[in-house]
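Student: Okay, here's what each chain looks like letter by letter:
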Amino acid sequence: MKESTLWVWHIIAGVVIFVLLGIHMFIMHLDDILVALGIGYHDPISASSVFARSKQAFYMVTYIVLLGAALYHGLYGLRNILFELSLPKAGEKIVNWLFALGGLALFVYGTYVAIAIFTSV
Amino acid sequence: MCKTDAPQVDEGTRVLKEVTFKILRYNPETDKAPSVKSYTVPVIKGMTVLDGLHWIKENVDSTLAWRSSCRMGVCGSCAMFINGLPRLACNNQIVHLDSDVINIKPLPNYDIIRDLVPDLEGFFQKHRSVKPYLIRKDVEELESPTGEYFQSPEELTNYIQFAYCIKCGLCLAACPTVATDDKYLGPQALAQAWRYIADTRDDGSKEREEEIFSGHGAWRCHFAGACSEVCPKGVDPAFAIQLLKQDIFMKKLRLRKEKSVAQLAPKIEKWERNPNIPNAPEPTVK
Numbered sequence: 009m010k011e012s013t014l015w016v017w018h019i020i021a022g023v024v025i026f027v028l029l030g031i032h033m034f035i036m037h038l039d040d041i042l043v044a045l046g047i048g049y050h051d052p053i054s055a056s057s058v059f060a061r062s063k064q065a066f067y068m069v070t071y072i073v074l075l076g077a078a079l080y081h082g083l084y085g086l087r088n089i090l091f092e093l094s095l096p097k098a099g100e101k102i103v104n105w106l107f108a109l110g111g112l113a114l115f116v117y118g119t120y121v122a123i124a125i126f127t128s129v
Numbered sequence: 628m629c630k631t632d633a634p635q636v637d638e639g640t641r642v643l644k645e646v647t648f649k650i651l652r653y654n655p656e657t658d659k660a661p662s663v664k665s666y667t668v669p670v671i672k673g674m675t676v677l678d679g680l681h682w683i684k685e686n687v688d689s690t691l692a693w694r695s696s697c698r699m700g701v702c703g704s705c706a707m708f709i710n711g712l713p714r715l716a717c718n719n720q721i722v723h724l725d726s727d728v729i730n731i732k733p734l735p736n737y738d739i740i741r742d743l744v745p746d747l748e749g750f751f752q753k754h755r756s757v758k759p760y761l762i763r764k765d766v767e768e769l770e771s772p773t774g775e776y777f778q779s780p781e782e783l784t785n786y787i788q789f790a791y792c793i794k795c796g797l798c799l800a801a802c803p804t805v806a807t808d809d810k811y812l813g814p815q816a817l818a819q820a821w822r823y824i825a826d827t828r829d830d831g832s833k834e835r836e837e838e839i840f841s842g843h844g845a846w847r848c849h850f851a852g853a854c855s856e857v858c859p860k861g862v863d864p865a866f867a868i869q870l871l872k873q874d875i876f877m878k879k880l881r882l883r884k885e886k887s888v889a890q891l892a893p894k895i896e897k898w899e900r901n902p903n904i905p906n907a908p909e910p911t912v913k
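Top line first, the protein sequences correspond to chains A and B.
With my numbering, letter number 37 in the first sequence gets 45, and the count goes up by one each step, no holes.
With my numbering, letter number 273 in the second sequence gets 900, and the count goes up by one each step, no holes.
Please keep in mind that the hints were generated in silico from the structure rather than gathered at the bench.
Check each hint, because a few of them may be wrong.
In the DSSO-like style, the derived pairs of lysine-lysine whose C-alpha atoms are separated by at most 27 Å in a straight line are [what the hints assert, rightly or not]:
#, chain 1, residue 1, chain 2, residue 2
1, B, K649, B, K758
2, A, K101, B, K879
3, B, K764, B, K672
4, B, K810, A, K101
5, B, K794, B, K833
6, B, K764, B, K884
7, A, K10, B, K884
8, B, K810, B, K878
9, B, K684, B, K649
10, B, K684, B, K672
11, A, K10, B, K886
12, B, K794, B, K810
13, B, K758, B, K878
14, B, K913, A, K97
15, B, K833, B, K894
16, B, K860, B, K810
17, B, K758, B, K884
18, B, K833, A, K101
19, B, K758, A, K10
20, B, K833, A, K10
21, B, K649, A, K10
22, A, K10, B, K810
23, A, K97, B, K758
24, B, K833, A, K97
25, B, K684, A, K10
26, A, K10, B, K764
27, A, K63, A, K10
28, B, K672, B, K860
With the Cβ distance kept under 8 Å, some of the chain B side facing chain A (calculated, not the full set) [said to hold, decoys possible]:
#, residue
29, C702
30, D808
31, K810
32, F850
33, K879
Ideal Cβ placement from N, Cα and C applies to all residues, glycine included.
Using the sequences and the hints given, assemble the complete structure.
Tutor: Dropping the structure here:
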């Protein structure tokens, strides 16, 4: 039943990506509309804009959640592609551990960066 | 090209045209690799690809090997790769293929035993692994039945189409996931798993879960739909697999409960014969 649990989280992560990435794309590329509504910045990809957003709790949490969802969704999908290449049992175990540990390491690093910027002076 | 001077069709039978059967031949005892052999076959009205193979065997080349039985699309034995699609040879008339060349190969995604005979052992092993039979807790009743389990017509329609499977193997031949992952259970086994899980008389969904939802089970289906496209009986295994996924997904999110299992139908204690129905005639042999 473990595979079913992994799949359900894969779907949930996909939905989370759809929502948060949508917001991210909106902020990055439709800044004129946001400025007209009084809730955005001009030139959202400039260093100062990125920094200003990253110092807000909402964006810090959103980035961490998006990072986790994207890492899980992407790595689980890639792991399934590799599984379909008829790996031996030992190979499947290696892929599982590699992706789990690698994904965790990337998530920890990304979370550290997000928190570090948020807490920086 | 192989031809014969012997009479090719019954006298008086009108030959519509001649087609070329290009058949992939392979005898593991004598051949290093498969090779294509061509035969010219006279086509008469209503002639199926299977009829063409029989004609070749009877008139030209008796060494040609294939499986067939019912010749009417109910046994599933004559599954082979005909003009680019997995099909039943008995279910396809030559003129309907609309080609003067009939390319015939053994089913893809299977090992070849000889000529057009695929090795179906793996296919049947996958089918067995999903426990394709009713599983219930009242074992005594199963072994010594005292009545019948109640099932409404609506409950029957929920699974009956998936019960039409004739185990021909065409779906696994068409499946792109089976082509790359030989451990993948395949559309036939998964559709049969759903056939029993959806059956209200069955109480074995937990026993089947480990196999169906393993790393090479239902979640490896990409919903290409090729299996449903080639199924000769309208089983729609792709649909069954999506229902399987939906069922476990909804149960995981606690949005669906386990179905209630069919119980024994109550015995009819008091009944009266309808006087308008005449009695059966007495047997003539005592």
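Student: Now tell me, hint by hint, if it's right for this structure.
Tutor: Verification of the supplied hints:
| no. | hint | verdict |
| --- | --- | --- |
| 1 | B:K649 / B:K758 | violated, 39 Å |
| 2 | A:K101 / B:K879 | holds, 25 Å |
| 3 | B:K764 / B:K672 | violated, 55 Å |
| 4 | B:K810 / A:K101 | holds, 15 Å |
| 5 | B:K794 / B:K833 | holds, 24 Å |
| 6 | B:K764 / B:K884 | holds, 18 Å |
| 7 | A:K10 / B:K884 | holds, 19 Å |
| 8 | B:K810 / B:K878 | holds, 26 Å |
| 9 | B:K684 / B:K649 | holds, 14 Å |
| 10 | B:K684 / B:K672 | holds, 19 Å |
| 11 | A:K10 / B:K886 | holds, 22 Å |
| 12 | B:K794 / B:K810 | holds, 18 Å |
| 13 | B:K758 / B:K878 | holds, 21 Å |
| 14 | B:K913 / A:K97 | violated, 67 Å |
| 15 | B:K833 / B:K894 | violated, 30 Å |
| 16 | B:K860 / B:K810 | holds, 25 Å |
| 17 | B:K758 / B:K884 | holds, 22 Å |
| 18 | B:K833 / A:K101 | holds, 25 Å |
| 19 | B:K758 / A:K10 | holds, 20 Å |
| 20 | B:K833 / A:K10 | holds, 13 Å |
| 21 | B:K649 / A:K10 | violated, 48 Å |
| 22 | A:K10 / B:K810 | holds, 18 Å |
| 23 | A:K97 / B:K758 | holds, 23 Å |
| 24 | B:K833 / A:K97 | holds, 24 Å |
| 25 | B:K684 / A:K10 | violated, 52 Å |
| 26 | A:K10 / B:K764 | holds, 25 Å |
| 27 | A:K63 / A:K10 | violated, 38 Å |
| 28 | B:K672 / B:K860 | holds, 24 Å |
| 29 | C702 | violated, 31 Å |
| 30 | D808 | holds, 4 Å |
| 31 | K810 | holds, 6 Å |
| 32 | F850 | violated, 14 Å |
| 33 | K879 | holds, 5 Å |
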